[in-house]
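Protein chains in written order, with our numbering: chain E, 1 to 288; chain U, 1 to 309; chain V, 1 to 387.
Treat the hints as calculated values from the structure; they're not laboratory data.
Since the model is a prediction, treat every value here as computed from it, not as a measurement.
By construction, the Cβ of each residue, glycine as well, lies at the ideal position given by its N, Cα and C atoms.
Please note that a few of the clues may not be correct.
Below, a sample of chain E positions facing chain U; criterion: calculated Cβ distance under 8 Å [to be verified]:
1) 41
2) 136
3) 273
4) 274
Here chain E is said to cover these stretches of chain U; the calculated rule only asks that three of the stretch's residues, wherever they fall, bring their Cβ under 8 Å from a Cβ of chain E [to be verified]:
5) 127 to 137
6) 216 to 226
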Amino acid sequence: MSTNTLSPRAMAANRWPLGRVSRLALLLFGAVLFLAPYVFMLSVAGKAQSEIFTSALTLIPEQFYYVANFTKALSRVPLATLLWNGVLVCGLIFFFQVLIAIPCAYAMAKLKFRAARLMMVLVMLGLLVPIHATALPLYVAFSSLSLLNSYTALVAPFSISVFAIFMFLQFFRAMPDDLIHAARLDGMSELGIVTRVIVPNAWPAVTAFSIFSVVAHWNDLYWPLVVISKQDYATPPLGLMYFRAAEAGDDYGALMAATMIITLPLVAAFLFAQKRFVEGITMTGLKG
Amino acid sequence: MANLAIDAVPRARKTAAAHERSEARTAWLLALPAIVLIFFFILLPVVAVVFLGFTNFELGMGKFRFVGFENYAHLINDRAFRKALWNTTCYTAIVAPVSIVLGLGVALLIESETTARSFFRTVYFLPVASLIVAMATVWQYLFHPTIGPINSLLALVGIPGPNWLAASGTVLYSLSIIGVWQSVGFNMVLFLAGLTAIPRELYAAAEVDGARSSLARFRLVTWPMLGPTTLFVTTISIINSVKVFETVQTLTQGGPNHASEVLLFSIYQEGFIYLRVGYASSMTVVFLAILVMLTFLQYNVLDRRVHYS
Amino acid sequence: MSALSLRGITKSFSGNAILKGVSLDVEPGEFIALVGPSGCGKSTLLRILAGLDHADEGEIVIGGEDMSAIAAADRNIAMVFQSYALYPHLTAGQNIAVPLAMRRLSGTQRLPFIGSLVPGQRATRAAIARDVGEMAKSLRIDHLLDRKPGQMSGGQRQRVALARAMVRQPSVFLMDEPLSNLDANLRVHARGEIVELHRRAGVPTVYVTHDQAEALSMADRVAVMIGGNLLQLASPQVIYDDPAHIEVARFVGQPRINVAPALAENGIVSFGDVRLGLKVPDASRTPVSLAIRPEFVRLADKAQNGLAAHVERIEFLGSEVTLYCKLDAIGEIMIAKLTPAEAAGVSAGMPVSLSLSSDKALIFAEDGRRIQAGPVSIDATLEKAHG
Chain E
1 MSTNTLSPRA MAANRWPLGR VSRLALLLFG AVLFLAPYVF MLSVAGKAQS
51 EIFTSALTLI PEQFYYVANF TKALSRVPLA TLLWNGVLVC GLIFFFQVLI
101 AIPCAYAMAK LKFRAARLMM VLVMLGLLVP IHATALPLYV AFSSLSLLNS
151 YTALVAPFSI SVFAIFMFLQ FFRAMPDDLI HAARLDGMSE LGIVTRVIVP
201 NAWPAVTAFS IFSVVAHWND LYWPLVVISK QDYATPPLGL MYFRAAEAGD
251 DYGALMAATM IITLPLVAAF LFAQKRFVEG ITMTGLKG
Chain U
1 MANLAIDAVP RARKTAAAHE RSEARTAWLL ALPAIVLIFF FILLPVVAVV
51 FLGFTNFELG MGKFRFVGFE NYAHLINDRA FRKALWNTTC YTAIVAPVSI
101 VLGLGVALLI ESETTARSFF RTVYFLPVAS LIVAMATVWQ YLFHPTIGPI
151 NSLLALVGIP GPNWLAASGT VLYSLSIIGV WQSVGFNMVL FLAGLTAIPR
201 ELYAAAEVDG ARSSLARFRL VTWPMLGPTT LFVTTISIIN SVKVFETVQT
251 LTQGGPNHAS EVLLFSIYQE GFIYLRVGYA SSMTVVFLAI LVMLTFLQYN
301 VLDRRVHYS
Chain V
1 MSALSLRGIT KSFSGNAILK GVSLDVEPGE FIALVGPSGC GKSTLLRILA
51 GLDHADEGEI VIGGEDMSAI AAADRNIAMV FQSYALYPHL TAGQNIAVPL
101 AMRRLSGTQR LPFIGSLVPG QRATRAAIAR DVGEMAKSLR IDHLLDRKPG
151 QMSGGQRQRV ALARAMVRQP SVFLMDEPLS NLDANLRVHA RGEIVELHRR
201 AGVPTVYVTH DQAEALSMAD RVAVMIGGNL LQLASPQVIY DDPAHIEVAR
251 FVGQPRINVA PALAENGIVS FGDVRLGLKV PDASRTPVSL AIRPEFVRLA
301 DKAQNGLAAH VERIEFLGSE VTLYCKLDAI GEIMIAKLTP AEAAGVSAGM
351 PVSLSLSSDK ALIFAEDGRR IQAGPVSIDA TLEKAHG
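Pulled out of the complex, with its shape left as it was, chain E reads as follows:
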């Protein structure tokens, strides 16, 4: 079969450009709508208060107020702390999730033990339970252990990710058994197999999951809101909430500047690695 023939639809498009033009027009219209918030964010971050109040629809500021707005935002938003907290927390969460999930998923996928089915049930149950459902007792527990306002509180509940187990499980099941048999014949212990055979070969699943995990936890507001009340430990979403609270007035210029500062890291990372992002979501979707 020739693999470089056009799909019937694309082929038709070349013969009837009208169809293609209307498709592109629709996509572009939608793209404009979807990009509008970012455009306005960029625009307002550079406007002075007076301009914001008078001309809502002009995109390019008459007076470039970027420096002032950003200075104000940066002075109120401890950007470095926020970013550091975000990176640290997401990094630690991801690290522990993978560390715990991979051996477990390997055992469930490739080894025979009676509890495997029980584990499967536990995993499926765990998928149904979001952090919102377990937050209350966990909060009480952390509170009584005086662990509120700490990195432990931020990281610990997420160190177990049943979704990670689920994802790696699917992936390992698809891995050929022969690889493991060969390693056993070579005399490797089970732990050796995990570290030297499984982990290197699990790379695609790990990167896919990393994207999922980082995006989910960078974005998470609920749990940090529950356990953190000190600015020092604030994650980016929380930091923005504090800024909003502090910035009681309607200084949208500074507000947009602060928004930009906080959004930029993940957006930049996304734009830089967008193929991986999309692959990651795709992989979780297909396996589902």
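Add chains U and V to chain E, keeping to what the hints say.
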């Protein structure tokens, strides 16, 4: 002598049963950390929540007692909670279908277009990758009744724009718009994956069989083959909509007058602001029950109809 | 009037010329095998015929009508795909019914549940069910009608695909390597079935395959395509015995034809040390290629003088023996196909003497075209050629 005896037995003679036992032991060891953590961070808390739902525990109030179903009885009569249930339902009923349909539409458009695919994919997916709290703030500006661009645009064509986020009639719709904006990209990517998995030959066969128009081919090939993907997207969309929180917390705090009060927000207020943990736990149980029911419903009812191979 | 006519079909993909002006006529009721190595453009040609692709230049005439601009759905062509392309979500019966439903029922009538409530279609639906049933019975799959493709074997799926193609009595059948996904024994059996089906249906068929044995055994005429060009269109016998191009000769035949460089001088062809009794029209001195089928290479008697060679390898295949011999003089490998009796006593490494049936030798020019060569006399003496 014992030592000699052991050395004399070749290692390969380890019996099959012994091998199985050691394999099982290793498996247990490997899975143990996960099991322990699941127990402490998922199972135990769920049990605790169910238990606390039967108490009148309030944080900081020392003693508490078992009150049976009193909390639940109170819930049924709690107007604010019923409003939260209703609002969450409305929100989900808008956001889930719209973001699914739009996600599918955008995916179809992108799939049949050959140029600039990754540009469009990026643009539509950008909201998903952006910080929700941050973008909610931007939307707050967009929705601003006097200085926001949306109302200014409407004013240009002579329509008086409503007070999007501060009027009880429109606040849910505004939040829904933000919700759709955030989810379309995610659904689009999932649908794109499903679309590319459809074998091209099926479309050729459909054409030869007489499916002249794109619509005919969509009905004969695309839609049936997207079944599993659609089911997955629907499940995820509905569940994510039910879990709406960030936008409410950031923009409206449940107001005005409970018009945008949603389940998770109520739970948060009751449990972490008013510290009425027992009552909040009963709310959490209801919330969890809804999630579980939704998931089971979809997978059991639709799953069989949707997988073909 | 031919049933199907292609004229000058040309097609390029991003600068690569896939089809270079292919012309082809299919007579009514004829079975044409379109054969060639992968990448030769045969599948592309088939897709253009079906209307799934459009040629850059050229025209397609089916039943006297110009179909070049007509959509696939309207060409009344049926196609069987390599992977059968059965709709996985429909039962076999529903699959077979699709082309009929597409043509006889309107869009609204085909809607999943409400469609059957639209009035006036009971008769049509009954007719469709009848046609499906008859077709299924003739292909012996009527017991499978309620199964989905995922629940059937490869052979059963292939028959469903055939049924779907045949059920609406098209004016042309196209088949794109429909047997390549079957295992070997099933393939041979299925070949016979397809030929039988064709005989019964009498519909002109274009059958694409990369397997030359399949092409030769099934077709009325074989079209050999290589590198985007249709090199020869003729009956299997002619393709085998009288190839028009060296690539055709190379592609057809098992084991492959022997090809060796030779020299034509003053019309006499000499091959290595040997002057063959072959005469070509061209009088000048040109290099040519000599090709001869293995079955025409024999071991020379001690009495005759043959080409000196050494046996490199022997393959015993039951009813025949294949000898791979390296010619001493020029180092070319000659393959000889012998009966076990003829090959008795031969072992690897042995020196042998090969004799070629000169009248079966084929001469090709440098550009691959066949040169007609007539016999002079069999002259295989070990004379040194002039010059």
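Against the structure, the hints:
1. Interface restraint check for residue 41 of chain E: the shortest CB-CB distance to chain U comes to about 5 Å, inside 8 Å, so the restraint holds.
2. Annotation: interface hint on residue 136 of chain E holds; nearest CB of chain U at approximately 5 Å, less than 8 Å.
3. For the restraint placing residue 273 of chain E at the interface with chain U, the shortest Cβ-Cβ distance is roughly 10 Å, beyond the 8 Å limit, so the hint is violated.
4. Taking 8 Å as the C-beta cut-off, the interface hint given for residue 274 of chain E holds, the closest approach to chain U being about 5 Å.
5. Counting residues of the region 127 to 137 of chain U whose beta carbon lies closer than 8 Å to any beta carbon of chain E gives 10, which reaches the threshold of three, so the coverage claim holds.
6. Given a C-beta distance limit of less than 8 Å, the hint that chain E covers the region 216 to 226 of chain U is violated, as 1 residues qualify and 3 are needed.
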